[in-house]
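Protein chains: 2
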Amino acid sequence: MDIIKVFCPATIANISCGFDILGLALNEVGDEMTVKKVAEPGIRITSIIGQDLPLEATKNVAGVAGLALLQDVDCDFGFDIAIDKRIKAGSGIGSSAASAAGAVWAINELLGRPLSVDQLVPYAMAGEKLASGVPHADNVAPVLFGGFTLVRSYDPLDVIRIHTPKELYATIIHPQIEVKTADSRRILKTKISLGDGVKQWGNVGGLIAGLYTEDYDLIGRSLVDHIVEPIRSMLIPGFEAIKKASMEVGALGCGISGSGPSVFAFSKGLETANSVKQAMEAVYDPLELPYETHVSGVNLDGVRAVGGVQ
Amino acid sequence: MDIIKVFCPATIANISCGFDILGLALNEVGDEMTVKKVAEPGIRITSIIGQDLPLEATKNVAGVAGLALLQDVDCDFGFDIAIDKRIKAGSGIGSSAASAAGAVWAINELLGRPLSVDQLVPYAMAGEKLASGVPHADNVAPVLFGGFTLVRSYDPLDVIRIHTPKELYATIIHPQIEVKTADSRRILKTKISLGDGVKQWGNVGGLIAGLYTEDYDLIGRSLVDHIVEPIRSMLIPGFEAIKKASMEVGALGCGISGSGPSVFAFSKGLETANSVKQAMEAVYDPLELPYETHVSGVNLDGVRAVGGVQ
Numbered sequence: 015m016d017i018i019k020v021f022c023p024a025t026i027a028n029i030s031c032g033f034d035i036l037g038l039a040l041n042e043v044g045d046e047m048t049v050k051k052v053a054e055p056g057i058r059i060t061s062i063i064g065q066d067l068p069l070e071a072t073k074n075v076a077g078v079a080g081l082a083l084l085q086d087v088d089c090d091f092g093f094d095i096a097i098d099k100r101i102k103a104g105s106g107i108g109s110s111a112a113s114a115a116g117a118v119w120a121i122n123e124l125l126g127r128p129l130s131v132d133q134l135v136p137y138a139m140a141g142e143k144l145a146s147g148v149p150h151a152d153n154v155a156p157v158l159f160g161g162f163t164l165v166r167s168y169d170p171l172d173v174i175r176i177h178t179p180k181e182l183y184a185t186i187i188h189p190q191i192e193v194k195t196a197d198s199r200r201i202l203k204t205k206i207s208l209g210d211g212v213k214q215w216g217n218v219g220g221l222i223a224g225l226y227t228e229d230y231d232l233i234g235r236s237l238v239d240h241i242v243e244p245i246r247s248m249l250i251p252g253f254e255a256i257k258k259a260s261m262e263v264g265a266l267g268c269g270i271s272g273s274g275p276s277v278f279a280f281s282k283g284l285e286t287a288n289s290v291k292q293a294m295e296a297v298y299d300p301l302e303l304p305y306e307t308h309v310s311g312v313n314l315d316g317v318r319a320v321g322g323v324q
Numbered sequence: 015m016d017i018i019k020v021f022c023p024a025t026i027a028n029i030s031c032g033f034d035i036l037g038l039a040l041n042e043v044g045d046e047m048t049v050k051k052v053a054e055p056g057i058r059i060t061s062i063i064g065q066d067l068p069l070e071a072t073k074n075v076a077g078v079a080g081l082a083l084l085q086d087v088d089c090d091f092g093f094d095i096a097i098d099k100r101i102k103a104g105s106g107i108g109s110s111a112a113s114a115a116g117a118v119w120a121i122n123e124l125l126g127r128p129l130s131v132d133q134l135v136p137y138a139m140a141g142e143k144l145a146s147g148v149p150h151a152d153n154v155a156p157v158l159f160g161g162f163t164l165v166r167s168y169d170p171l172d173v174i175r176i177h178t179p180k181e182l183y184a185t186i187i188h189p190q191i192e193v194k195t196a197d198s199r200r201i202l203k204t205k206i207s208l209g210d211g212v213k214q215w216g217n218v219g220g221l222i223a224g225l226y227t228e229d230y231d232l233i234g235r236s237l238v239d240h241i242v243e244p245i246r247s248m249l250i251p252g253f254e255a256i257k258k259a260s261m262e263v264g265a266l267g268c269g270i271s272g273s274g275p276s277v278f279a280f281s282k283g284l285e286t287a288n289s290v291k292q293a294m295e296a297v298y299d300p301l302e303l304p305y306e307t308h309v310s311g312v313n314l315d316g317v318r319a320v321g322g323v324q
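As given, the protein sequences belong to chains A and B, one line each in that order. Just so we're on the same page, our numbering is the position in the first sequence counted from 1, plus 14. Just so we're on the same page, our numbering is the position in the second sequence counted from 1, plus 14.
It cannot be assumed that every hint is accurate.
Claimed, not checked - With a Cα cut of at most 30 Å, we get these calculated DSS-like pairs of lysine-lysine:
1. LYS194(B) / LYS205(B)
2. LYS143(A) / LYS194(B)
3. LYS205(A) / LYS203(B)
4. LYS205(B) / LYS194(A)
5. LYS282(B) / LYS203(A)
6. LYS205(A) / LYS143(B)
7. LYS102(B) / LYS258(B)
8. LYS203(A) / LYS203(B)
9. LYS180(A) / LYS205(A)
Worth flagging that the hints you see were computed from the coordinates, not collected in a lab. Quantities reported herein were computed from a predicted structural model and do not represent experimental measurements.
Use the sequences and the hints to build the structure in full.
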């Protein structure tokens with residue numbers, strides 16, 4: 015196998031209560047990336063379709079993640095990477111994570127899987143560090159593992175796969191304003207009250223319990239964020255109206271996707287998720303701000319080969 | 015039914031990462047309480063064996079919890095309560111919770127169950143408020159429900175039962191120094207760093223996932239507390255030595271039970287739990303401080319009638 019084309023799913027990180035620890039992969043939104051083994055060592059980004067991003071490998075998250083991996087494996091050849099970038103940079107649904115995790119996964123495949131998926135996480139995180147200044151794992155973990163993932167600990171790194179309820183769907187609205195992850199981290203407070211902490215870990219416990227027991231109502235009740243959402247939501251035009259409209263048509267809960275500006279809602283069943291999409295669009299249409307919406311089931315596989323391998 | 019004798023289990027609250035939200039009930043440690051329907055309205059504590067605690071109903075947690083319940087139900091008679099108090103007050107394994115929750119559960123039984131177990135929680139919390147100044151639910155919830163419980167939210171109150179792994183055992187050492195819950199709350203910081211918060215909710219997520227999947231290793235890795243234990247452990251003589259000794263003989267994890275001074279360790283299997291008991295005792299024997307140790311499986315039933323009802 016000398017060439018592989020992969021689907022790199024978009025992801026929702028944080029998931030209201032799970033700041034920096036929780037994430038999930040989406041089925042219907044993602045990049046495609048073609049990685050080719052070539053004689054020349056190193057990594058080259060040969061083309062990027064759809065987004066204006068750096069081609070220089072050391073300035074591109076896919077390049078940086080791939081180069082980090084190549085430093086630790088035995089490899090006397092190199093890789094050309096062509097990216098069909100369908101997830102918009104700065105959208106809050108894991109654009110950089112899809113590229114970083116997609117690249118290391120594809121390279122690992124072409125190398126004959128010298129590393130486990132667990133072992134790939136830190137290399138993908140190197141790409142995230144380039145993108146946001148922080149090597150966070152809450153987006154790259156679901157890209158690599160699929161489903162819901164929990165980063166229990168960063169030191170040592172400990173990523174746990176969490177059960178995904180069968181009828182859970184996500185609706186996402188992406189207001190097309192750019193919020194850089196680094197900026198949206200900067201506005202966070204570095205101290206929180208113990209009382210808010212107790213509320214947050216109570217909701218994390220409830221969300222994890224709801225996912226394992228497929229208790230959709232408990233999942234919804236747990237989608238509460240007393241710490242980050244009150245601050246970051248100020249950067250998202252119409253956030254409260256989107257949330258209210260989503261809940262009125264039956265969403266289980268609604269919050270900021272990653273560091274925003276995308277907003278996600280969970281629903282039980284595709285039909286409700288589609289109603290939520292209409293409700294979100296009805297809020298945004300009068301604002302005359304460009305936006306995109308997506309409805310998606312949870313991607314249980316994570317990054318995967320598509321369209322055959324040669 | 016005019017009289018009922020109940021077993022009121024001891025409980026471990028907090029469970030390292032789950033400050034104020036997590037708890038579990040024990041099989042082998044608990045009070046017995048006999049509650050009798052009598053013509054005279056109100057509640058009387060007729061006897062307390064084993065502890066020097068107030069007999070006056072308005073100053074006794076069982077009395078206060080029972081009186082709170084009687085305010086909300088239709089009842090033209092009263093109750094006499096006799097308590098065989100085997101859980102020492104101030105031990106950190108839910109002495110007040112056993113009395114408060116036991117009393118409301120027994121009275122509800124004698125009344126023909128007008129309230130659900132869920133509905134009993136706030137009345138039991140009224141007893142906790144008398145004991146510690148804070149109406150916390152992390153001990154009374156496992157007394158009432160059995161097993162592991164999560165207080166997802168206090169406002170509104172939302173208690174979730176969490177799956178209990180079959181081979182989980184607890185070992186407890188109770189150094190017989192008194193640490194009042196109110197005092198051990200006072201020394202806590204009211205602000206925590208966001209970074210410590212992230213660690214804490216990562217571990218709560220890991221612990222809940224570990225309980226559902228019966229992943230004992232994950233349960234152990236998640237028994238980490240970056241927020242409360244570093245402060246409260248200073249009040250417990252030999253805490254670090256107990257923890258180290260417990261881990262060396264195979265405990266999954268070790269932390270402060272409730273607000274202390276009791277220390278708990280979890281083990282997979284009774285044999286390891288017994289080895290942990292010996293290891294804990296070997297630390298305490300040279301200190302010449304009085305202590306008690308307990309080994310117990312998790313009580314799945316919570317408070318229950320014992321010895322027949324009349």
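Quiz item: Is the straight-line distance between the alpha-carbon of LYS282(B) and that of LYS203(A) 30 Å or less?
Solution: violated (40 Å)
Quiz item: Taken at face value, is the distance from the CA of LYS205(B) to the CA of LYS194(B) at most 30 Å?
Solution: holds (22 Å)
Quiz item: Is the straight-line distance between the alpha-carbon of LYS205(B) and that of LYS194(A) 30 Å or less?
Solution: The hint holds at about 28 Å.
Exercise. With a cut-off of 30 Å on the C-alpha distance, tell me whether LYS102(B) and LYS258(B) pass.
Key: holds (26 Å)
Quiz item: Regarding the pair LYS205(A) and LYS143(B), is the alpha-carbon distance no greater than 30 Å?
Solution: Status holds; Cα separation ~28 Å.
Self-check item: Agreement of LYS180(A) and LYS205(A) with the hint, judged by alpha carbon distance not exceeding 30 Å
Solution: Not OK: LYS180(A) and LYS205(A) at ~37 Å, beyond 30 Å, violated.
Quiz item: Has the given pair, LYS143(A) with LYS194(B), been kept, meaning a C-alpha gap of at most 30 Å?
Solution: With a Cα-Cα distance of about 46 Å, the restraint between LYS143(A) and LYS194(B) is violated, given a limit of 30 Å.
Quiz item: Holds or violated: are the alpha carbons of LYS203(A) and LYS203(B) at most 30 Å from each other?
Solution: holds (17 Å)
Quiz item: Is LYS205(A) within 30 Å of LYS203(B), Cα to Cα?
Solution: Cα-Cα ~11 Å, so holds.
Taken one by one, the earlier hints fail for this structure at numbers 2, 5 and 9, listed in ascending order.
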